[in-house]
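As you go down the protein sequences, you meet chains B and X in turn. Anchor point for the first sequence: position 80 equals 80 in our numbering, and the numbering is continuous, going up by one each time. Anchor point for the second sequence: position 82 equals 82 in our numbering, and the numbering is continuous, going up by one each time.
If you're looking for bench data, these hints aren't it; they were derived computationally from the structure. Do not rely on the hints blindly, as some may be mistaken.
If several chains are the same, the list does not tell them apart, and a pair holds so long as it fits within one copy or across any two.
[What the hints assert, rightly or not] As a list, the in silico DSSO-like pairs of lysine-lysine whose alpha-carbon atoms are at most 30 Å apart:
| id | residue 1 | residue 2 |
| --- | --- | --- |
| 1 | Lys72 | Lys191 |
| 2 | Lys257 | Lys271 |
| 3 | Lys72 | Lys198 |
| 4 | Lys191 | Lys148 |
| 5 | Lys90 | Lys271 |
| 6 | Lys185 | Lys77 |
| 7 | Lys77 | Lys271 |
| 8 | Lys247 | Lys271 |
| 9 | Lys271 | Lys37 |
| 10 | Lys199 | Lys247 |
| 11 | Lys78 | Lys90 |
| 12 | Lys185 | Lys90 |
| 13 | Lys268 | Lys257 |
| 14 | Lys247 | Lys257 |
| 15 | Lys198 | Lys90 |
| 16 | Lys185 | Lys148 |
| 17 | Lys247 | Lys268 |
| 18 | Lys247 | Lys164 |
| 19 | Lys311 | Lys43 |
| 20 | Lys47 | Lys247 |
| 21 | Lys198 | Lys49 |
| 22 | Lys312 | Lys191 |
| 23 | Lys23 | Lys268 |
| 24 | Lys191 | Lys77 |
| 25 | Lys38 | Lys77 |
| 26 | Lys198 | Lys23 |
| 27 | Lys308 | Lys90 |
| 28 | Lys199 | Lys43 |
| 29 | Lys23 | Lys38 |
2 protein chains.
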Amino acid sequence: MRIIIDAMGGDHAPQAPVEAGCKAVSELDVDIIFVGKKEVIEKELAKYKFDRSRVEIVNADEVVTNHDEPAKAVRSKKNSSIVVAANLLKNGGGDALLSMGNTGVLLAAGLLIVGRIKGVLRPALATLLPSARGPKMLIDAGANTNCKAENLVQFAIIGSIYMKNVMGISNPTVGLMSNGEEEGKGDELTKETYPLLKKAPINFVGNVEGRDVMQGTTDVITCDGFVGNVILKTVEGMGAVVGNMVKDMFTSSVLSKIGAVFVLNSLKEFKRSMDYREYGGAPLLGTKRPVIKGHGSSDAMAVFSAIKQAKKFVETNIIDEIIGQVSNGGKIK
Amino acid sequence: MRIIIDAMGGDHAPQAPVEAGCKAVSELDVDIIFVGKKEVIEKELAKYKFDRSRVEIVNADEVVTNHDEPAKAVRSKKNSSIVVAANLLKNGGGDALLSMGNTGVLLAAGLLIVGRIKGVLRPALATLLPSARGPKMLIDAGANTNCKAENLVQFAIIGSIYMKNVMGISNPTVGLMSNGEEEGKGDELTKETYPLLKKAPINFVGNVEGRDVMQGTTDVITCDGFVGNVILKTVEGMGAVVGNMVKDMFTSSVLSKIGAVFVLNSLKEFKRSMDYREYGGAPLLGTKRPVIKGHGSSDAMAVFSAIKQAKKFVETNIIDEIIGQVSNGGKIK
């Protein structure tokens, strides 16, 4: 299996993707194709020991920035690492694509280059969030705004397929994000979506609310990408603020520093449970081949988790199952 | 000044509202009118010492439950504490109304009984959320779904007036909740709202994202009530989960219990900064007279904070200023 990694994307590129890629060659039995500035990658590769015959570099000189308009960047920056990588994936030069770079550009490349599965109306970004009951999926986490009811139904279906195959959850439960638990609660979109979800081939349990995100009430939460993006960033932002508070709590005085020694193990456990790095990346679901968005701030450990996830994405038959479900009647009504 | 308190609403009613009301009589120089089952309130009042001449009870026998459809409950349960209280407020029998009961029913009573200020398109629920930079306002936090651009602009204006008068912030900054910082980011609603906010008589600083909620980037965040409700409940839910994690961290072993002793002060500080009870209630802004929604789980301390807030709401000239702003041209374009 060959995993294509955008070596230039993310806050810690090229160090984090290259380090994680080399580790993956040794530990995960995969081949890695790094895409980016060849010289830079070579220099980085020299730091690690691994089976060099399993690593390939595909040169890409252009750089996409956060200021690039996504669709325009994909069309005009043909030699950027993300566009070269997406074309490689499309043409069978690799089995999955992982990038820590600009989300919008990766989504555009997934849509415009890799392409939608026939019958999938709008591919969605699926994020795994930590919760009191383990990692749960939020879909769509930001690929699509102004969704229609049938989009949310498809998100629920393809999200369920992913959770079953990659996370090993049989018959995953699905909740519809709303502003109240009762069936009648919601805005126009969710009120229209609710009855369609009841008829869909999923384990739909009803509306969920914001508090269910961290409580992990359902395995999958389906929502419009605007709402999903707001939820994801609210949780991330709160995690950062609370993390700092806890840190301050243990460093504010000599006494509290002593206290920290006593709770060191619990503190580590707490930090790990809040750590997105354990959960890998966010798959873009609904494209013809596997595309995974790693967090922009990913360190090597986080990239390694995302590579593991990409491998599982390829090994399980998610895309075939999505094809089977969405073409089975096409548009779900 | 006379504050009307729905003595029957909330998880800790009638104990919490009655205890807080009695404390307010003694400490805040206000008169209190309790609305609810007279015998029950009398029995509760007997527990406290206060100037009895400053407390009145208005009997209301019916009970509104969480299963009642709000508008229907307001129309049919004429003798419920919330409907009786709203009519009292409307008819000048008190200067502000505070309820910890069913949010939907209180909103319906505010709209249908107390009434909108002329020119206010849709009154909004304004919540104060804790942040790294102190309490900040999220408006609308759940009163209105399927908002239009001019609704979000009015929320920003009336939210700013409240933050200036009650929270003492001069020229409060306003952010538009979106899925990206740049002007072009958002869904149809926010893209339409952005240019209107630039022209509005407020200190608009641009789009904000979910992570800005807890970072407290702006004093006011304006958004559709569906989105606001999801944010509010996500933050509350995460607060509860993190709170439990921190608790577990300090009780998991003998060692960590010892550690807790050393960080006790910091721990208390941490808990307080996450504590909604410090911030009082959520004002319903845009009604002709002050209506405040206290949190359903409010204890006496939280109700007391909300009474303080209600007093400040009445003392400052918020409603006059809202009237001035919204009638000045009426619908903002």
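Here is what the structure says about each hint:
In the homo-oligomer, the alpha carbons of lysine 72 and lysine 191 lie at most 30 Å apart only across protomers (19 Å), although the nearest pairing inside one protomer, at 35 Å, exceeds that limit. For the homomeric pair lysine 257 and lysine 271, the shortest alpha-carbon distances inside one copy (17 Å) and between copies (18 Å) are both at most 30 Å. In this assembly of identical chains, lysine 72 and lysine 198 lie within 30 Å of each other by CA distance solely across copies; the values are 27 Å between and 39 Å within a copy. In the homo-oligomer, the alpha carbons of lysine 191 and lysine 148 lie at most 30 Å apart both inside one protomer (11 Å) and across protomers (18 Å), since each shortest distance falls under that limit.
Taking the shortest Cα distances, lysine 90 and lysine 271 never come within 30 Å of each other, neither inside one copy (38 Å) nor across copies (51 Å). With identical chains, the CA atoms of lysine 185 and lysine 77 are at most 30 Å apart between copies only, with a shortest distance of 21 Å across copies and 45 Å within one. For the homomeric pair lysine 77 and lysine 271, neither the shortest alpha-carbon distance inside one copy (39 Å) nor that between copies (50 Å) is at most 30 Å. In this assembly of identical chains, the alpha carbons of lysine 247 and lysine 271 lie at most 30 Å apart whether taken from the same copy (10 Å) or from different copies (14 Å).
Neither within a single protomer nor between protomers do lysine 271 and lysine 37 lie at most 30 Å apart by alpha-carbon distance, with minima of 35 Å and 49 Å respectively. Proximity of lysine 199 to lysine 247 under the C-alpha cut-off of 30 Å is found in neither arrangement, the shortest distances being 47 Å within a copy and 42 Å between copies. In the homo-oligomer, the alpha carbons of lysine 78 and lysine 90 lie at most 30 Å apart inside one protomer (14 Å), although the nearest pairing across protomers, at 66 Å, exceeds that limit. In this homomeric assembly, lysine 185 and lysine 90 come within 30 Å of each other (Cα to Cα) only across copies, at 28 Å, whereas the closest approach inside a single copy is 42 Å.
In this assembly of identical chains, the alpha carbons of lysine 268 and lysine 257 lie at most 30 Å apart whether taken from the same copy (15 Å) or from different copies (16 Å). In this assembly of identical chains, lysine 247 and lysine 257 lie within 30 Å of each other by CA distance both inside one copy and across copies; the values are 10 Å within and 18 Å between. Within a single copy, lysine 198 and lysine 90 get their C-alpha atoms no closer than 35 Å, and across copies no closer than 43 Å, so neither meets the 30 Å cut-off. Taking the shortest alpha-carbon separations for lysine 185 and lysine 148, both the intra-copy value of 17 Å and the inter-copy value of 19 Å come in at or below 30 Å.
In the homo-oligomer, the alpha carbons of lysine 247 and lysine 268 lie at most 30 Å apart both inside one protomer (12 Å) and across protomers (14 Å), since each shortest distance falls under that limit. For the homomeric pair lysine 247 and lysine 164, neither the shortest alpha-carbon distance inside one copy (36 Å) nor that between copies (33 Å) is at most 30 Å. Taking the closest pair of Cα atoms, lysine 311 and lysine 43 come within 30 Å of each other only inside a single copy of the chain (26 Å); across copies the shortest separation is 67 Å, beyond that limit. Taking the shortest alpha-carbon separations for lysine 47 and lysine 247, neither the intra-copy value of 33 Å nor the inter-copy value of 43 Å comes in at or below 30 Å.
With identical chains, the CA atoms of lysine 198 and lysine 49 are never at most 30 Å apart, being 53 Å at best within one copy and 56 Å at best between copies. Proximity of lysine 312 to lysine 191 under the C-alpha cut-off of 30 Å is found in neither arrangement, the shortest distances being 35 Å within a copy and 39 Å between copies. Only within a single protomer do lysine 23 and lysine 268 lie at most 30 Å apart by alpha-carbon distance; the minimum there is 24 Å, versus 43 Å between protomers. Taking the shortest alpha-carbon separations for lysine 191 and lysine 77, only the inter-copy value of 27 Å comes in at or below 30 Å, while the best intra-copy value is 41 Å.
Proximity of lysine 38 and lysine 77 under a CA criterion of 30 Å is satisfied intra-copy only: 17 Å inside one chain copy versus 74 Å between copies. In the homo-oligomer, the alpha carbons of lysine 198 and lysine 23 never lie at most 30 Å apart, since the shortest distance is 44 Å inside one protomer and 50 Å across protomers. When the C-alpha separation of lysine 308 and lysine 90 is checked against a cutoff of 30 Å, the pair qualifies only within one copy, where the shortest distance is 21 Å, while the shortest distance between copies is 63 Å. With identical chains, the CA atoms of lysine 199 and lysine 43 are never at most 30 Å apart, being 55 Å at best within one copy and 52 Å at best between copies.
Taking identical chains as interchangeable, the C-alpha atoms of lysine 23 and lysine 38 lie at most 30 Å apart only when both belong to the same chain, with a minimum of 19 Å there against 72 Å between chains.
In the structure shown, a violation is registered for the earlier hints numbered 5, 7, 9, 10, 15, 18, 20, 21, 22, 26, 28, in ascending order.
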